[in-house]
Amino acid sequence: MKRAVFNNNWVAAAMVAPQLLIIFIFFYWPTSQALYWAFTLEQPWGGGNTWVGFDNFKAILWDDLYWYSVQVSVIYAIGSTALAVGMALILAVFVDRQLRGFKSYKIGMIWPYAIAAPAVGLAFRFIFNPGAGVMLYVNEVFPGAWNPNSNGSHAMMMVIIAGAWKQVAYNFIFFLAGLQSIPRSLLEAGAMDGARVLRRMRDIQLPLLAPTFFFVLVINITDSFTDSFGIVDTMTGGGPARATNLMVFKIFNDGFQGLDYSGAAAQSIILMFLVVALTFVQFRYIERKVHYT
Amino acid sequence: MIERTPLLNVFTHLILLSGVIVMLFPMYLVFVAASLSLKDVSAIPPHILPGDQLWVNMAAAWEKAGFGEKFLNTFIVAFGVVVGKITLACITAFGIVFFDHRLRMPIFWCVFITLMLPLEVRIVPTYAVAANALQPFQVLLDVTGISWLINSLSGIEVALEWNLLNSYTGLIMPLVATATGTFLYRQFFLTIPDELVEAAKMDGAGPVRFLREILIPLSVTNIAALATIMFVYSWNQYLWPLLVITDQSYGMVAVELGRLVPKISSTGGEVAKWNIAMAGTLIVMIPPILVVIFMQRWFVRGLINTDK
Numbered sequence: 070m071k072r073a074v075f076n077n078n079w080v081a082a083a084m085v086a087p088q089l090l091i092i093f094i095f096f097y098w099p100t101s102q103a104l105y106w107a108f109t110l111e112q113p114w115g116g117g118n119t120w121v122g123f124d125n126f127k128a129i130l131w132d133d134l135y136w137y138s139v140q141v142s143v144i145y146a147i148g149s150t151a152l153a154v155g156m157a158l159i160l161a162v163f164v165d166r167q168l169r170g171f172k173s174y175k176i177g178m179i180w181p182y183a184i185a186a187p188a189v190g191l192a193f194r195f196i197f198n199p200g201a202g203v204m205l206y207v208n209e210v211f212p213g214a215w216n217p218n219s220n221g222s223h224a225m226m227m228v229i230i231a232g233a234w235k236q237v238a239y240n241f242i243f244f245l246a247g248l249q250s251i252p253r254s255l256l257e258a259g260a261m262d263g264a265r266v267l268r269r270m271r272d273i274q275l276p277l278l279a280p281t282f283f284f285v286l287v288i289n290i291t292d293s294f295t296d297s298f299g300i301v302d303t304m305t306g307g308g309p310a311r312a313t314n315l316m317v318f319k320i321f322n323d324g325f326q327g328l329d330y331s332g333a334a335a336q337s338i339i340l341m342f343l344v345v346a347l348t349f350v351q352f353r354y355i356e357r358k359v360h361y362t
Numbered sequence: 028m029i030e031r032t033p034l035l036n037v038f039t040h041l042i043l044l045s046g047v048i049v050m051l052f053p054m055y056l057v058f059v060a061a062s063l064s065l066k067d068v069s070a071i072p073p074h075i076l077p078g079d080q081l082w083v084n085m086a087a088a089w090e091k092a093g094f095g096e097k098f099l100n101t102f103i104v105a106f107g108v109v110v111g112k113i114t115l116a117c118i119t120a121f122g123i124v125f126f127d128h129r130l131r132m133p134i135f136w137c138v139f140i141t142l143m144l145p146l147e148v149r150i151v152p153t154y155a156v157a158a159n160a161l162q163p164f165q166v167l168l169d170v171t172g173i174s175w176l177i178n179s180l181s182g183i184e185v186a187l188e189w190n191l192l193n194s195y196t197g198l199i200m201p202l203v204a205t206a207t208g209t210f211l212y213r214q215f216f217l218t219i220p221d222e223l224v225e226a227a228k229m230d231g232a233g234p235v236r237f238l239r240e241i242l243i244p245l246s247v248t249n250i251a252a253l254a255t256i257m258f259v260y261s262w263n264q265y266l267w268p269l270l271v272i273t274d275q276s277y278g279m280v281a282v283e284l285g286r287l288v289p290k291i292s293s294t295g296g297e298v299a300k301w302n303i304a305m306a307g308t309l310i311v312m313i314p315p316i317l318v319v320i321f322m323q324r325w326f327v328r329g330l331i332n333t334d335k
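Chains A and B, in that order, are what the protein sequence lines are.
Our numbering runs 69 ahead of the 1-based position in the first sequence.
Our numbering runs 27 ahead of the 1-based position in the second sequence.
Since the hints were derived computationally from the structure, they do not count as laboratory data.
A couple of the hints might just be wrong.
[To be verified] Straight line, CA to CA, 25 Å or less: simulated SDA-like cross-link-like pairs of lysine to any residue: (1) B:Lys66 x A:Tyr105; (2) B:Lys228 x B:Ala251; (3) B:Lys91 x B:Ser64; (4) B:Lys66 x A:Leu205; (5) A:Lys172 x B:Thr248; (6) B:Lys290 x A:Val139; (7) B:Lys91 x B:Lys300; (8) A:Lys127 x A:Leu347; (9) A:Lys172 x A:Arg253; (10) B:Lys290 x A:Leu328; (11) A:Lys172 x A:Leu248; (12) B:Lys66 x A:Gly213; (13) B:Lys91 x B:Phe58; (14) B:Lys91 x B:Asp67; (15) A:Lys127 x A:Leu328; (16) B:Lys66 x A:Gly200; (17) A:Lys172 x B:Pro33; (18) B:Lys300 x B:Trp89; (19) B:Lys300 x B:Phe38; (20) B:Lys91 x A:Gly200; (21) B:Lys300 x A:Pro309; (22) A:Lys172 x B:Phe38; (23) A:Lys127 x A:Tyr105; (24) B:Lys290 x A:Tyr135; (25) B:Lys300 x A:Lys127; (26) A:Lys172 x B:Tyr55.
Since the structure is predicted, the reported quantities are computational estimates derived from the model, not experimental observations.
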C-alpha cells in the first residue's frame, strides 16, 4: 500500500477502463455465455434457447467418447509432464554447476521455447512419419514397427514427445532460475562438511528447489490440458480412431465442426473447473512461498 | 567450482551435450529435409547430410504459402499485441497502485482471475463475440429494457454490430488483455518510493505527467522483458487466427504452416511435399528464435517475473 497517492480518481478510472472493457468483452462475457449455453439447448428452428438444466452435462458424462477423451488427455498430461519436467530438471541441475561453456549450454536449452506449437507439430510429424525420412528406414528394416497413422499408441507417443520437447525449454528456465537463487554459501558449507557434488545436489539443491518444482509441475499439467491444440491439430488431427482426441481438441471439433454449441460449452465449463482447481493449487503454493522466504 | 572433480565434469559435459543434441537434433533433421529434393526426402537409407536444395525449397515454400503477405500480417499483429499489452498493463497497474480508491483490489482481482480463463476453454463463445463485439452491450440493453425504451421514444431500432472477423482488430483485441503483465507492472510500481511521488506532486506534476516522465523511463527493463515474451507469444498464435481469419489476406504464419502438408485425416491424392513443408517450418521459426537468443537476458527475466 502506498501512502503518497494522486487524488484525481477520474484519471484512475480512465487508466483502468480500457483493460476492464476488454476483459469484460472477451473474458467475462464469453464465460457467462458458455455457462448459459451449457444449461440451455438451442432450438433447431431458431427462436431462442430453452433451459435444460444439467441435461447437457448428463449427455456428456454418459458419453463414452467424452470419457475416452478425458482418459487420453490424462495420459498425455502425465506423459508429457513427466518427460518435460524430468529432463529439464536434470539438465538444469548440471548446467548450474557452471562448468566451462555453461552459457552456450544454456542457450542450447532455451531456444526451443521460441518455436510455435504447429511448427513443432509439423517437424515431429515429419520425423515420425512412417513414409519418409528416418522412420521409413526403421520400417524398412523392421516392417510394421512404426505407424502412428493407424496405431493409436504410436500416435500418442509421438504427440507426447513433441509436446514434451516443446515444454523442456520453459521448465529449464525456471529450474535454472530457482537453482541460481540458492545462496552459494550453502553449497560451500555443504562442501566444507564433506558433501560431494552429487550429495549436495540431492540434499541441498533439490530440496530447496521444491517450490519451483511444484510450480513448474502444476503449470505443465495445466498447459497440457489447455495448450495442446496446436500440436494435436497439426500432427494427428485427433486420430487415429480418436486415440489423440484431447479435451481441447474435442471442444473445438464439437463446437466448430459438429456445431453442437451446448455440448461444447458444457465441456468448456468442465475444463474451466479443472483449470481453476489447478490454479488454486498453484496459489496455495505462492502463499506458502511468501511465508517461508 | 569448489573442488576438483574431473570424472564428474566429464559426466556433466556428456549429459549436457546429449541434452543439447536432443534439443537440436529434431531441428537438424528439419533442416536436412528442407535442403533435399522430394525424391531424396523419402530415400532409403535416409540422408543425414544436407543437400543443396535449401534455397529452392525455401523459395517454393515462400511462394506456396504466400509468406510475404503472412509475414507482414504477423508482424502487424505481433506489434499490435506487444504495444497493446504493454500499454494496458502499464496504465492499469498505474490506476491501481497510485490512486487511493476503494476499487483498487476488486479491479486487480478482476484482471487477475482472467488467468484462469485461457482462450482454449472459452473458445466457442469468444468466437461469437468476435463476430459481433458489441453483442454484450446489445444483450444488456435488451435485457434491461433500454433498447425498448429508446425504440418507443425515438423510433430507432437499437442494433449494435461490430464484426471483428477477418480484421487485425479481431486478431489483436482478444489477445491484449494481460493479467501477467499487469501483475508485473504492479509489482514494479509498488517498489517506487513514496518520496518520488511526493517530490513529483510538490513540483506540480499531475498523475499523467508523473506516469509519462518518471514511471515509463524507469520501467524500460520491464518493457523490454515483456516485449520479448509477448512477441514470441503473438508470433506463435495458432488457434485464434485459425478461427477468426477465413480471408487469407489476413492469414498468420503459424496457421499457414499447418496448411503446407495435407491433414493426416484427409484422403485426397495430394502427396505431402515434406521438403517444402520443412523449409516453411524453418522460415517461420527464425524470427522468434532470433528474438529469444539475442534478447535472452530480458526474455528470461520477463518470463520468470510474469509467471510467478
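Just pull the numbers of the violated hints for me, sorted ascending. 1, 2, 19 and 25
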